[in-house]
Structures are given as C-alpha cells and as structure tokens.
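J.: Given the coordinates of chain C, work out where chain B should sit on it, guided by the hints.
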Amino acid sequence: MSLIPFGFWAASGGGGAANAYDLLETTTLTSNTASVTFSGLGDYSDYAHLQIRIVSRTSDATTNANINLNFNGDTGTNYATHDLEGNGTSVGSGSAASIANIRVAQNIGTSLADAWPAAVIDILDFSSGLKNTTTRTLNGWASSSTPRIFLRSGLWNDTSAVTSMSFALSSGDFIAASRLSLYGVK
Amino acid sequence: MATPTYDLLESVTLASLASSVTFSSIDQSYGDLILVMNPIASSVGITPYTRLNGDTGGNYNWVRMTGSGSSTESSAQASRTSFDFSYPGGRNDSSTLFIQQFMDFSATDKHTTVLARHNNPSDAVAAYAGRWANTSAVTSLTIFASFSNFAAGATFNLYGIAKTVV
Chain C
1 MSLIPFGFWA ASGGGGAANA YDLLETTTLT SNTASVTFSG LGDYSDYAHL QIRIVSRTSD
61 ATTNANINLN FNGDTGTNYA THDLEGNGTS VGSGSAASIA NIRVAQNIGT SLADAWPAAV
121 IDILDFSSGL KNTTTRTLNG WASSSTPRIF LRSGLWNDTS AVTSMSFALS SGDFIAASRL
181 SLYGVK
Chain B
1 MATPTYDLLE SVTLASLASS VTFSSIDQSY GDLILVMNPI ASSVGITPYT RLNGDTGGNY
61 NWVRMTGSGS STESSAQASR TSFDFSYPGG RNDSSTLFIQ QFMDFSATDK HTTVLARHNN
121 PSDAVAAYAG RWANTSAVTS LTIFASFSNF AAGATFNLYG IAKTVV
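Those protein sequences? They're chains C and B, same order as listed.
Going by this note's numbering, the first sequence opens with residue 1, and the numbers climb by one from there.
Going by this note's numbering, the second sequence opens with residue 1, and the numbers climb by one from there.
In case anyone wonders, no lab produced these hints; they're calculated from the structure.
Note that CB positions come from ideal geometry on N, CA and C, so glycine has one too.
Among the hints, a few may not be true.
Claimed, not checked - Restraint ranges, calculated between C-beta atoms of paired labels, are given here:
| no. | chain 1 | residue 1 | chain 2 | residue 2 | range |
| --- | --- | --- | --- | --- | --- |
| 1 | C | ASN64 | B | ASP109 | 22 to 28 Å |
| 2 | B | ILE99 | C | THR37 | 25 to 31 Å |
| 3 | B | GLY58 | C | ASN157 | 43 to 49 Å |
| 4 | C | THR37 | B | GLU73 | 37 to 43 Å |
| 5 | C | ASP43 | B | THR135 | 33 to 39 Å |
The following block holds chain C by itself, in its conformation from the complex (with noise of 0.2 Å):
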C-alpha cells in the first residue's frame, strides 16, 4: 500500500471479537449447468443470515435471463418481488406476487459476450420457523450495450427454516466459470 503524495497512518483491524462471517460453501462450474442447490442448510443453524455472491452468464444469446431462487424446493406460487432498475437512460421499478420463485437477480448472455453480471444476495433470519424469509440484492453488469444495476427484494411466503435453496435460469444454463459462494454471517 502507497499513498501519493502525503503522509498518512495506517492501522489494522483490532481483534477480541469472534469471527462474523464467514464462507460455507463455493461453486465454481467446469461445465455449463442448469442449476445450483445449496443444501443441508439447517446445518448452518447457528449463522442469523445467508449471503450469497454470484459471478455467472447464461449460455443463451439473451439480454435478460432471470436467476430463480427456490427455497426447500417449494415450486408453488408462494414468492413475491420487488426491483429497482437502473438501464443508463432511466429508472424503472417493477414487481411480482404470487409466483414460483424469486427472481433474485438477472443475467446476460452470449449476445453480450463482455460483461460477467455479479450479484450479492443477503437472506435475512433464513432459519426462523416464526417469520416469512425476505431476501435482498445488488445487481447489475455493464456491458457495452443494455447495462444495468438493480436493487430487489423478495419474499418467500412461508415461515418454514430455510434448509436448502436452487438457483436456476429463467433462459439458459449457468455457463462454465460461473462462480456461486454461500457465506454466513452471525
């Protein structure tokens, strides 16, 4: 670490506290695939919240292919959304209740080859059984064309812990280098 052209101190983190966060699990695709689950989530009890970080694309040639979340493999129409969207021209808001997943974030394809969108995904209090899960995101890529930058919000209407979630596209398969890590944090 430098620093131009002034003096500066520098100092580090103090310890004493325990460790907030931390990583659980990662998945790195070899090969292009449909879907990632994350489960045996309930192991995971002792964790308040779920982070999840994505790098990926889809294999299709599209320009927008929703990543949908599933908890606990429900695929009934108990989610519901809500986004900000940001497209370099104007803002645009957008929402969706009573439907089989949530779409918790988007991506591109092959059509714009440049760009790797990236999500962060926070599931808040994911193993209470007294509450509805609520997810939130930050989304977005900037390719040389269609860019974008979102903030979601999801609901999974069921007060059921979270012991597994599946990612899948709404278009095309998670290509090869794609990139999915779960955290916890404390």
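T.: Here is chain B on its own, set in the frame of chain C:
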C-alpha cells in the same frame, strides 16, 4: 468446514491532504474485494475515482441509478479511463460512504465487475455497476481525487472475501 473471512487487508486514515491512495500487491487468494471509503475532500466537488492495476486506458464502463429525494436518474458511461463514478451535483465534500465490491477480482477468465453503493445524505443515494474491460487479475487498486486532494480524516479500508473453503 466454515472459513472465516471478510478480512481487513489494509486500512488508511489520512493524516493530511493526499491526492490518492494505492493498495498494491493485493492477496490473490481472495475471490472478491470490498472497498469501504469515506473520502472527505478538501473542497466542494471532488469525487473519488478508482483505477485498477494502474490502467489508464479507456477500459472502464459503468451504469448508475440515483435518487435525490425528488427525482430519479440513470446514466451510463463507456471507455472511461477510470471508474469515475461521478455524482449528480458533483458533491463529495460532506461525509459520504462509498462501498465498491470487486467481484471475482483474481480471476483471469473474465472482465472484472464492480457493484457499488454511494450514500451521501446531503444529496442522494446511488447504485452502480461497472466493468473493467480486461481479463487480468486485479493486483492493485488506486483511489484518486478527481481534482485537488482528499482531506485529513478520509478513510479507505480494503477487505478480502474468500472464495475457497479451507
């Protein structure tokens, strides 16, 4: 096996005026980087720009959306010489919190995507996505003032997020 992470790699608090801060020789064992900064400036209108690996070519692209309290706005820029995440009104003089997440920064098979959030209670709230059009791993990161200097007390903290369970 859980792997503790969100590790503080480096922390800088300015003791006096500085035009830039560079984090170099970034540990490549991490998957993502998170830069948290409160880049208070020496005068009105200074914006923090970010540059990767010292690349001054036109390889930076971004899109943003903002809310000012009375209106929303979205714009995009391509072929910039840094992530010049400029701000409506150009004010970065008051206390602001800028968080930039460099995703898969150590990968060499994809352009680096940055997701960012800017919180400036005086003016607006903003979110950004950016792309560095280069497949090199990010080994250094420089934050520089769009003009003049950052002020004493400006803080810059860099965190590493593991991607490999150990």
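J.: Of the hints given before, which are not true for this structure?
T.: none
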